[in-house]
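Chemist: Residue numbers (numbering that gives the first Met the number 0), protein chains in the order written: chain U, 0 to 164; chain F, 0 to 547; chain R, 0 to 307.
Do not take every clue at face value.
To be verified - Calculated cross-link-like contacts (lysine-lysine; reagent style DSSO-like; alpha-carbon spacing at most 27 Å):
no., chain 1, residue 1, chain 2, residue 2
1, F, Lys143, U, Lys33
2, F, Lys331, U, Lys30
3, F, Lys414, R, Lys99
4, U, Lys33, F, Lys339
5, U, Lys119, F, Lys331
6, U, Lys119, F, Lys414
7, R, Lys192, F, Lys451
8, F, Lys185, U, Lys33
9, U, Lys33, F, Lys329
10, F, Lys507, U, Lys119
11, U, Lys30, U, Lys138
12, F, Lys393, F, Lys339
13, U, Lys30, F, Lys182
14, U, Lys138, F, Lys390
15, F, Lys507, F, Lys494
16, U, Lys119, F, Lys451
17, F, Lys393, F, Lys437
18, U, Lys59, F, Lys331
19, F, Lys153, U, Lys59
20, F, Lys185, U, Lys59
21, U, Lys59, F, Lys143
22, U, Lys30, F, Lys451
As the list claims (entries may be wrong) - What follows is a list of derived Cβ distance ranges for each label pair:
no., chain 1, residue 1, chain 2, residue 2, range
23, R, Lys157, F, Asp99, 20 to 26 Å
24, F, Arg495, R, Asp25, 43 to 49 Å
25, U, Glu152, F, Leu539, 47 to 53 Å
26, U, Glu78, F, Leu539, 42 to 48 Å
27, F, Glu492, U, Asp74, 43 to 49 Å
28, F, Ala370, R, Glu63, 32 to 38 Å
29, F, Ala370, U, Gln76, 36 to 42 Å
30, U, Gln76, F, Ile429, 30 to 36 Å
31, R, Asn95, F, Tyr516, 38 to 44 Å
32, U, Lys30, R, Glu63, 51 to 57 Å
33, F, Glu243, R, Asn166, 35 to 41 Å
34, F, Gln262, U, Glu136, 33 to 39 Å
35, U, Leu42, F, Ser200, 37 to 43 Å
What the hints assert, rightly or not - Per the computed footprint, the stretches of chain F lying under chain U, defined by three or more beta-carbons under 8 Å from a beta-carbon of chain U, are:
no., stretch
36, 20-28
37, 507-517
FYI, nobody ran anything at the bench for these hints, they're computed from the structure.
Cβ coordinates follow ideal geometry from the N, Cα and C atoms, glycine included.
Each chain, letter by letter, is given below.
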Amino acid sequence: MKKPIILLIAFLLSCGVTFSQDRSLPNIEVKTLKGNSFNIQDLDNQGNPMVISFWATWCKPCKKELNAIAEVYDDWQDETGVKLIAISIDDTRSMSKVAPYVNSSDWEYDVYLDSNSDLKRAMGVSTVPHTFLINGEGKIVWNHKGYIDGDEEELYEQILSILVK
Amino acid sequence: MKTQALTILLIICSFKLAAQNSEIHGDFSLTLQSYVEDETINAAAADEVVLNNAFLNLIYSSNNFTVGLRYESYLNALLDYDSEFKGNGIPYRYATYSIDGLEITAGNFYEQFGSGLIFRSYEEKGLGIDNAMDGIRLKYRIGKGISLKSFIGKSRTFFTYADGILRGIDGEIDVNETFGLEKQTKYILGGSFISRYEQRSNPKFIIPQNVAAYAGRLNILNGGWNYYGEYAYKINDPINSLQESEMNYASGSAFTNSITYSQRGFGVTAEVHRADNMLLLSERDRTGKAYIMNYIPTLSKPHAYTLLAIYPCATQAMGELGVQLDLFYKFKKGTLLGGKYGTKINLNLSRINALEGGNSMLNDNIDHTPALLSFDEELYFSDINLEINKKVNKKVKYNAVFAHQKYNKDFLEGKTPGEYGTLSSTIGVIDLSYKIKKGHTIRIETQALFAKEIDSVSKKQEGDWIMALAEYTISPNWFFAIQDMYNYGNEDESKRLHYMNINFGFLKGATRFEIGYGKKREGIFCVGGICKVVPSSNGLNLSITSSF
Amino acid sequence: MKRSFCFIILIGFLNSCDVLEGPYMDDTVNPIDTSGNEYVKNILIEDFTAHRCSNCPNAAREIEAIHDVYGSRIISLAIHAGFQFAYPYPLDTTVNPDQKFTYDFRTSWGDEMDTEFGLSASGLPNGMINRIDWTENGGDHRKAFSQWASITADELNKEVQFGININSTVVSGDEIDITVNTEALTSLSGNYKLVVCLSENNIINWQTDGSYEDSDYVHKHVLRSLLTSTWGEDLSGTSINSGDSSNHTYSLDLSDLENNNIQNSLSMNLGNGDSGGWDANNLYVIAYVYDVSNYEILQVEEKSLLAK
């Protein structure tokens, strides 16, 4: 079993594949809160940065992160034009709680439902929260796993750094 | 098979230089745990001393073409996973190609029809569930309103495939979009069909080789209202027994209904579901969660705090009736209860009980169909809880939860009636975080559970619990936590144990590294109503996850 | 247009279901006709069970149902194993006034087999049919009772490779001599071993059956003792030709065997020594030959110990 794996790694390296962070969004569909299908590649913020954050109603750090950002979201939008897209990986058990939770929390994010984790798998997310930063050209430039109180400041610095470029 | 997958990947890679927009990325996870013998908590040592689960996902995508695989390694698997997860391999590989709205997948794929009532192929790493399909799947979109999908394949169990050949087709139509209606009320209709073929013969009874299930669903949306209803029906699906009493030719049925209303600052959800003889297995005569092909989630709130989830409810796909109500409300800033920043509350009520006289049963001597809606039957689980979330000032935030649960331990854990009875627990949780300075936060959690049994029981009760946790985090990279769970109320004095744990972790970008040490209580860990038994353990655990 | 053809074909799936109507019992049962053969292939169903396992009587009833269809070709052995549901309750009447579940059905050999094959650890009831499908790292040899009927049907069709004859003579009182003779019916290469054990039928004692605690449950074919070691003794010769036979004799003393079990029970976790009271008239000798490379049992034979 070792031999094929070594072969694979060697070949990949020789292919000159760079494990760069410049990757595009996958061709996967999610659902809107209104029941429509939406292809993630259709996300567009007119050249401004976008943040994609994977969360679930049962994930405490995810809710903390999104609530913390909600407090400064207006300022962020005024200064950078950033748009936050919250992808809920709640499955049938808690999917019906997403809309009431989002509305009662007064979030202004675009919320999508990924109930069988198709987008989660395609983007290589294993645990939530997992947040991605997408630049004006639609490429993923930065991502971060987990949430510790205060992490939203690092996210903001990353957003500012891609505006400069 | 493995070499074929790798060869395909290598060939694709060599074309990469010519192709534009091609990328490779993936993610990795490793969990290592040591098991040391500890007689006090009944923890057994593992002969291997250290056990590990690991996987690596690789995805190569280029224009309309994607190839992926996952390498999994269990040398040997952690004790909370089925022992059949043994060895290494590439149990998951696929190629997907889309053209003009038709998407073709060959190899492994995950799929869900509707809410999963008749079919859901998914993975839940925490439970050790992965029933990925291996076969062909087609997805097609007609205009903006109609979508169709169809597949044929076998379902994965551990490193092999179950015998049953599954075939399915699902269609969904967005009525407004398709017929160009400009109404405010939106209607979405869907239907699915699944059939399983398994070669079987029985010398005593006539046995079907093709078993089919149908489902229909309706979603109505209007402003802040959302109604979702799905009904599923399965035809005769008996096991291959020679005992008449075990042969059940009754059809199975299940339905789920939910109504949601939400607006700014307020949301309410009401749900009801019923399942009767609705377990769809990929190989009929097997037992175990690796063979379950449909998903009927338990109608109770998924709790994040330990003592609230210490007695979790497992879904009874063979027969249960459940109801749940959720209320979300935000008291505005400046009001009495809102305080300076506003207060959020979530009230949740759920109740699950048995079907009248048990599930549907049909054979030459018995013909039983339980009543449709009877809330008067044996209680399996009930939960009333209130969660309050409040920011006190710039430095202090808290979460408080109060709950009252009833848990029918005898039934839900397969014990003899009268052994443990039904536990009635009152639980309180306070989770307070204090920001010491920029980036440094300390969080303290205290939980208490007061239990008493209903009905006289023959076994000594576990009794009351208390738990405390302190976590110190330094943004953006570090966290450190220490916790203790103490079963001070156990009727058996020798079982009044402390379960202490310390955890330390480092996060940078997409890499997470965590190391922990301590005792874990033997328990049941459930996700969505499917449960695994976690044996008690004492040892070190290490986990590394990363994505690139 | 082309795309819609794909779906038209797939819609054909919609016809793939078998809807059955009663009566469901099919009386045209045809057990394999073996009247012409001297030796027939028999099946050993090892049923790992425990007296407080509420679902276990369903497995025992399944064996009875299989036996009803296929007759004497089905030989069963009930092995009480695993700690949680098999340990006996104390004999002390102050702690256990109704004297429920005091019997200790466990044996040292049963536990050794349970550990090797990982049965009780995977949940009870659990079993093996001629120990087929065993692999080094796998669990396929463990069969849930709902699989037993179909697996037995397939096994019965296999070619018979050994013949076994059992004879017992009472020397005096509790002393009995047993001879087991094996005969190879085809040429075989490989390593084969013989295991001989004693089982007792119709032990009446406590058993949890669903939600009911039955004080008069009839336990069938319970493993009592092994006359060989757990993993048996070699058949003479390394390669076997058709017609080769092997003779094995055992002299046993029933009171010694009974006492051995009592001592073993006392040495076990929560054992209370209540493993005696054997009824010699209900004892059976079971002998089986198995392939050492994969544990598969190639032939099994059962004979009453005392019946003429």
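Chemist: Confirm or reject each hint.
Modeler: Results for each hint:
Taken as a hint, the Lys143(F) and Lys33(U) pair is honoured in the structure, with Cα atoms around 14 Å apart against an allowance of 27 Å. For the hint pairing Lys331(F) with Lys30(U), the CA-to-CA distance comes to about 30 Å; that exceeds 27 Å, so the pair is violated. For the hint pairing Lys414(F) with Lys99(R), the CA-to-CA distance comes to about 16 Å; that is within 27 Å, so the pair holds. A hinted pair counts as satisfied when its Cα atoms are at most 27 Å apart, and Lys33(U) with Lys339(F) does not qualify at roughly 33 Å.
Taken as a hint, the Lys119(U) and Lys331(F) pair is broken in the structure, with Cα atoms around 34 Å apart against an allowance of 27 Å. Between the alpha carbons of Lys119(U) and Lys414(F) the distance comes to roughly 38 Å, so the proposed pair goes past 27 Å and is violated. Restraint check: the Cα-Cα separation between Lys192(R) and Lys451(F) comes to about 56 Å, which exceeds 27 Å; the hinted pair is violated. This hinted pair checks out: Lys185(F) and Lys33(U) have alpha carbons roughly 9 Å apart, not beyond 27 Å.
Restraint check for Lys33(U) and Lys329(F): the C-alpha separation of about 23 Å stays at or below 27 Å, so the hint holds. Taken as a hint, the Lys507(F) and Lys119(U) pair is honoured in the structure, with Cα atoms around 20 Å apart against an allowance of 27 Å. The hinted pair formed by Lys30(U) and Lys138(U) meets the criterion: a straight-line CA distance of about 22 Å does not exceed 27 Å. Proposed proximity of Lys393(F) and Lys339(F) is supported: the alpha carbons are some 10 Å apart, at most 27 Å.
Restraint check for Lys30(U) and Lys182(F): satisfied, since their Cα atoms lie roughly 20 Å apart, inside the 27 Å limit. The suggested pairing of Lys138(U) with Lys390(F) is violated, with an alpha-carbon distance near 36 Å, which exceeds 27 Å. With a C-alpha separation of about 41 Å, the suggested pair Lys507(F) and Lys494(F) falls outside the 27 Å cut-off, and the hint is violated. Restraint check: the Cα-Cα separation between Lys119(U) and Lys451(F) comes to about 42 Å, which exceeds 27 Å; the hinted pair is violated.
For the given pair, Lys393(F) sits about 11 Å from Lys437(F) by alpha-carbon distance, which is consistent with the 27 Å threshold. In summary, the hint linking Lys59(U) to Lys331(F) is supported, as the alpha carbons are separated by about 22 Å, within the 27 Å threshold. For the given pair, Lys153(F) sits about 36 Å from Lys59(U) by alpha-carbon distance, which is inconsistent with the 27 Å threshold. For the suggested pair Lys185(F) and Lys59(U), the alpha carbons sit about 33 Å apart, so the restraint of at most 27 Å is broken.
Between Lys59(U) and Lys143(F) the alpha-carbon distance is near 36 Å, which puts this suggested pair outside the 27 Å criterion. A hinted pair counts as satisfied when its Cα atoms are at most 27 Å apart, and Lys30(U) with Lys451(F) does not qualify at roughly 44 Å. Range check, Lys157(R) to Asp99(F): about 53 Å between beta-carbon atoms, so the 20 to 26 Å window is missed. A C-beta distance of roughly 59 Å is found between Arg495(F) and Asp25(R), which places it outside the suggested range of 43 to 49 Å.
For the hinted restraint 47 to 53 Å between Glu152(U) and Leu539(F), the CB-CB distance of approximately 33 Å leaves it violated. As the Cβ distance of Glu78(U) to Leu539(F) is approximately 46 Å, the hint placing it in 42 to 48 Å holds. Separation of Glu492(F) from Asp74(U) is about 58 Å and departs from the stated range, judged on CB atoms against 43 to 49 Å. The hint said 32 to 38 Å for the Cβ distance between Ala370(F) and Glu63(R), and at roughly 34 Å that hint holds.
Ala370(F) and Gln76(U) have their C-beta atoms about 55 Å apart, which leaves the hinted 36 to 42 Å range violated. The supplied range of 30 to 36 Å is met by Gln76(U) and Ile429(F), whose beta-carbon atoms lie about 35 Å from each other. As the Cβ distance of Asn95(R) to Tyr516(F) is approximately 40 Å, the hint placing it in 38 to 44 Å holds. For Lys30(U) paired with Glu63(R), a C-beta distance near 53 Å keeps the hint of 51 to 57 Å intact.
In this structure the hint that Glu243(F) and Asn166(R) lie 35 to 41 Å apart at CB holds, the actual value being about 39 Å. A hinted range of 33 to 39 Å for the beta carbons of Gln262(F) and Glu136(U) is consistent with their spacing of about 37 Å. Here the CB-CB span from Leu42(U) to Ser200(F) is close to 54 Å, at odds with the stated 37 to 43 Å. Given a C-beta distance limit of less than 8 Å, the hint that chain U covers the stretch 20-28 of chain F holds, as 7 residues qualify and 3 suffice.
Restraint check on the stretch 507-517 of chain F versus chain U: 4 residues with Cβ-Cβ distances below 8 Å, three needed, restraint holds.
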